[in-house]
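Chains A and B supply the protein sequences, listed in that same order. 1 is the number of the first residue of the first sequence in our numbering; add one for each residue after it. 409 is the number of the first residue of the second sequence in our numbering; add one for each residue after it.
What the hints contain is simulated information worked out from the structure, not anything from laboratory work. Note that this is a predicted model, so its numbers are computed, not measured. All C-beta atoms in this analysis are idealised placements derived from N, C-alpha and C, irrespective of residue type, glycine included. Each hint should be verified, as a subset may be incorrect.
[Unchecked claim] To be clear about the criterion: a stretch of chain A counts as covered by chain B if any three or more of its residues have a C-beta under 8 Å from a C-beta of chain B, and this derived list gives those stretches: (1) 283-289; (2) 302-316.
[Unchecked claim] Selected chain B positions facing chain A (Cβ under 7 Å, derived; list incomplete): (3) Asn465; (4) Asp471; (5) Leu488; (6) Lys490; (7) Ser491; (8) Ala494; (9) Arg497; (10) Phe503; (11) Asn509; (12) Val513; (13) Met524; (14) Gln525; (15) Met526; (16) Gly560.
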Amino acid sequence: MRSLPLITSLAWRNLWRNKRRTMVILFAMVLGVWAMIVTAAFMRGMAIQMLDDTVNNLTGHIQIHHKNYLDDPVIENSFFGNDTALLNTLKLPDIIHWSSRIRVPAVISSERETRGVVLLAIEPEAEANISFLKNAITEGQYFSSNDENGIIIGKKLAQNLETRLGKRVVVMSQNTKNEIADSGYRISGIYDTSGEGMETDFIFITKRAAEQLLDSTGLSSEIAVITRSLDTVLSVQKNLAAKNPELDIQDWSSLQPYTKLVVEMYSDFQYVWHLIVFLAMSFGIINTLLMTIYERTREFGLFQALGLKPGFILVQVWTEALFMLTIALFIGNFVSWLTVMTTGDGIDVSAFSQGMELAQMSNIIPFVILFEDLLLANIIVIALGLLTSLYPAWKASQLVPADAITRI
Amino acid sequence: MQNTDNQTVVICTDLSKTYQQGLIQVHALSNINFEVNKGEFICLSGPSGSGKSTLLNMIGGLDTPSSGKVYIDGEEIDKLNKSELADMRLHKIGFVFQAYNLIPVLTAQENIEMVMQMQGVSKNERHHKSLNILQEVGLGGLENRKPTELSGGQQQRIAVARAIVSRPSLVLADEPTANLDSLTASKLIDLMLQMNELHNTTFIISTHDPMIMQRSKKLVKLHDGKIIDNIIQKNNV
Numbered sequence: 001m002r003s004l005p006l007i008t009s010l011a012w013r014n015l016w017r018n019k020r021r022t023m024v025i026l027f028a029m030v031l032g033v034w035a036m037i038v039t040a041a042f043m044r045g046m047a048i049q050m051l052d053d054t055v056n057n058l059t060g061h062i063q064i065h066h067k068n069y070l071d072d073p074v075i076e077n078s079f080f081g082n083d084t085a086l087l088n089t090l091k092l093p094d095i096i097h098w099s100s101r102i103r104v105p106a107v108i109s110s111e112r113e114t115r116g117v118v119l120l121a122i123e124p125e126a127e128a129n130i131s132f133l134k135n136a137i138t139e140g141q142y143f144s145s146n147d148e149n150g151i152i153i154g155k156k157l158a159q160n161l162e163t164r165l166g167k168r169v170v171v172m173s174q175n176t177k178n179e180i181a182d183s184g185y186r187i188s189g190i191y192d193t194s195g196e197g198m199e200t201d202f203i204f205i206t207k208r209a210a211e212q213l214l215d216s217t218g219l220s221s222e223i224a225v226i227t228r229s230l231d232t233v234l235s236v237q238k239n240l241a242a243k244n245p246e247l248d249i250q251d252w253s254s255l256q257p258y259t260k261l262v263v264e265m266y267s268d269f270q271y272v273w274h275l276i277v278f279l280a281m282s283f284g285i286i287n288t289l290l291m292t293i294y295e296r297t298r299e300f301g302l303f304q305a306l307g308l309k310p311g312f313i314l315v316q317v318w319t320e321a322l323f324m325l326t327i328a329l330f331i332g333n334f335v336s337w338l339t340v341m342t343t344g345d346g347i348d349v350s351a352f353s354q355g356m357e358l359a360q361m362s363n364i365i366p367f368v369i370l371f372e373d374l375l376l377a378n379i380i381v382i383a384l385g386l387l388t389s390l391y392p393a394w395k396a397s398q399l400v401p402a403d404a405i406t407r408i
Numbered sequence: 409m410q411n412t413d414n415q416t417v418v419i420c421t422d423l424s425k426t427y428q429q430g431l432i433q434v435h436a437l438s439n440i441n442f443e444v445n446k447g448e449f450i451c452l453s454g455p456s457g458s459g460k461s462t463l464l465n466m467i468g469g470l471d472t473p474s475s476g477k478v479y480i481d482g483e484e485i486d487k488l489n490k491s492e493l494a495d496m497r498l499h500k501i502g503f504v505f506q507a508y509n510l511i512p513v514l515t516a517q518e519n520i521e522m523v524m525q526m527q528g529v530s531k532n533e534r535h536h537k538s539l540n541i542l543q544e545v546g547l548g549g550l551e552n553r554k555p556t557e558l559s560g561g562q563q564q565r566i567a568v569a570r571a572i573v574s575r576p577s578l579v580l581a582d583e584p585t586a587n588l589d590s591l592t593a594s595k596l597i598d599l600m601l602q603m604n605e606l607h608n609t610t611f612i613i614s615t616h617d618p619m620i621m622q623r624s625k626k627l628v629k630l631h632d633g634k635i636i637d638n639i640i641q642k643n644n645v
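Next comes chain B alone, as it looks inside the complex (with noise of 0.2 Å):
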């Protein structure tokens, strides 16, 4: 365990990871050292390659650093095993992707009770949450819609209610606007926003999008897998 108080989500110390690609190493982060506080909405952004997508699969123990360590809420996650791992990102981890990544053969509302109900929520309560928080993303009414029967934003949507309903530590969200039109993306940045002040859910984002780097609290620029700029405040528009 590492000594955080009780605001700090994240921590990465000397984080780094290498790919081989046949003869050649590729450095997709180098000495990462970075901190995220409870409640903060963080925009990583930097051009493609430049190891947003790696440094926030590092951050959900998705993938393995060469080096370094990374602590959820003062846990270091390089120590726990595979079965471990799972459980620390059931209960403080919610991931948003690119794809929106919804189960085709689950409606709506089973997408969003899925995470709920691997944590062993009742059913009583793994209904109301669900219904609950399809009202608040904005889709009451669509909770028995397959996912192929709603659109790109909805589906992104119904994801991110996903992310949030088991209250999470933390939510990680890869380009979660990159397959939507403007005005759609801009919605689920209200939302994501909102989500962040009506729950103090911790957001970390990767983007290209300018909208989201101009909205999040802070900006976090990376370049070849390097931090360049130290985290930036910013004012939230």
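Just chain A, same shape as in the assembly (with noise of 0.2 Å):
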């Protein structure tokens, strides 16, 4: 342990003995460094982004359904959504929002056009809380609480009608009655959104305009739950579901698995991304430890012929590159944290609006450092540039000293 000292002092002066060697691996490591966490950050920033247009474009976190609805979305697959002892159960402290709805397969008409849609019949100050619509009008305005002729549409649905706010409509579905219902309502609001998929499949009505459609009062198709946050959802989705037995409630995971196959798969890939990123970092630390070490072979051959134990020379050249690293993660985390702090809400990927859509995400992707990504990035470098580093560093304990001593 006296030795230590000297070791650390000599580990650190030694580092920048060949400064431009030291300067240009330190900035390959810091790229790297670099390169791990603004991609995590990115591939983080996608999912969440994903899970957040997701949780808004109508999903919510939980969802409350007849048992038969999934398997066949119509008026007939509802349930009570008033039901006293259902809202006592929705009325938990993990539970921030919810909102009624009535979702049932349309056809709305135009002067010129027809279209099959998917109709939403809403709690207009609840859905406001929880679903994207009132902050995606455009045109017009949102619903007030006791509108009953109004209908919003999104921009490329009104494009396809050719019809425009203000103009009416007529929406036709089948009521409780199994009987064709059909009712007229002016364009009160026109919505947009980066996806055009989402524009032209879904009208709005409120609840009561529904109630005279489709003669469902106190009926409800579906009702969207926002939990506290991401890691309540499980705990309410089984609260809730224990106590409503006959009811079905999945959360968004199973509602869309797709959404869930790509977050998880984002998480996975930034393991595979942080060893390749690494692995192409390993080579750069084993060849300047390498030429470290056959440039100061002499070196190590004296302080062996000095008394210096061959466990001490595997901990200098350790703790030569256990400096290179932790400067290297000092500088790669904190131009990381600048890069993603200038880039503010995040970055415009417009360009590629059709994937977008397709993933269901918005165009701009923010980038999100999260602690534990942070982490792993920095325990990957530091555990595995320290485990890269053993080998040189046991080959340089190894040396006979007689033989390195006269190595020129």
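The task is to assemble the complex, starting from two chains supplied on their own in separate frames and drawing on the hints.
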């Protein structure tokens, strides 16, 4: 142990002995660390954005349905959403918002065109808290609570129907009596999202208006629930399911398995990406340390001749590697943080909007650095870096002093 | 442990070293029997390839013999593991090499203090001893110079200072004057003799340098890995 201060001092000074080489390898390592962290932040941002978009695009964290609704989404497969017992179960402290909806297939017709759509009858105030709709209105306005004549449609659907704000459309669907029902509405709002699929598929009226159209007083096709955080989703879902065994209660991951798959894939890809970057980085580390050992073979021989134990020579080379890794991590972390800070809300990937729509994502991807991701990148670099440098360090410690000391 | 009187520092018995170079076996040392007493100033001489450096490496535990034994202060070094051998070198042997072998990132004083630091000597004591020895080797005031800022002679003086500062039983010097001009070499020999006298440090020096041979107290001549002249008592000039 008494040799440790000497070893540490020597390791630090030796690191700066060949400044240019140290700077080059440090630059490469910083680049590697930066690539690890920023890519992880981007991937994490994509995953979080995708999940947020999924939750905001009507899914919510949890949905409550009639047992048969997801297999056959018609008005008959509804449940009484205003049931007192059910409403009481929605008073859990981890539930922050919920909204009851009717969701049925429908046909919308303008003066010129007809399209098949999904009709969503919403409670305006409650829906405003949990879905994208209110903030996506670009023309006209959102519903008032007692609106019975207004309809909100997507921008692209308006184009397809060759209609516009203020014009009348007719919506036709099947009511609770298994009869075709229709009603006329005036377009009171047009919404615009990043995904055209959303705009062409969903039309919105108030629940009050739907009760007249579908004869659905008190009925709900679904209740969408927003919990306090993602971490509480599972417990809330289980709690609700236990208290309402007659209903089908699922969380976002089972309602949107594709989103779940992609989110998990992004997380797992981080490990692969970190390993790929580190592999490239490790060649630099090994090469630098082997060069160091080759150049300083005589010194290592001298240290042994003077009485430094082989283990301490290993520690000396290892300490050099540790210094190098620590500096690279420090700068790499700082540069990554700077990069993320300068991107503000995220980067605009609207050039790839079709692909983004396919993945149900918006066009702005934020960089999100989670502490656990940062920790993972740092641990990988330090742990694998030290592991990688073990070979050159061991090689240095195994030199035969008589040979090493005469090496030119 | 070999039973030796307190005066015997080194004993080599039937010491041989054979190197394999391809298909050829090179006998660097053949059945060397050799003893060194405390305070002796011995010169190993002989042409290149005669086995001088190999013998020094065997005595210093820097290389292992093919057969035979080496005892340092009565301890058979062949029985020591790498770590024990390192400890033995740290506490009992000082080395001076032809190419000075100072650590370039350390100052003159730090180079001297290095061995004491490894021995666990306190900072104050190290500082005191290193400054004293720098004065003794005539390099007072140069303690903060890096090796690259010193001449060859000065660097070799630092190397001698490093070798003797912790008062080892034995100093092994492998052609210490080979890279020095004659005047500097002469001064270095003076210094080593002075240290030998002053501290009763045992010196074994391998050299081609006739000046060292003349001035050493004993001369051992090697040829083809064998001692061809038994230890010859010489007058120290």
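What are the numbers of the hints that this structure violates, sorted from low to high?
When the structure is compared with the hints, numbers 1, 5, 13 and 16 turn out to be violated.
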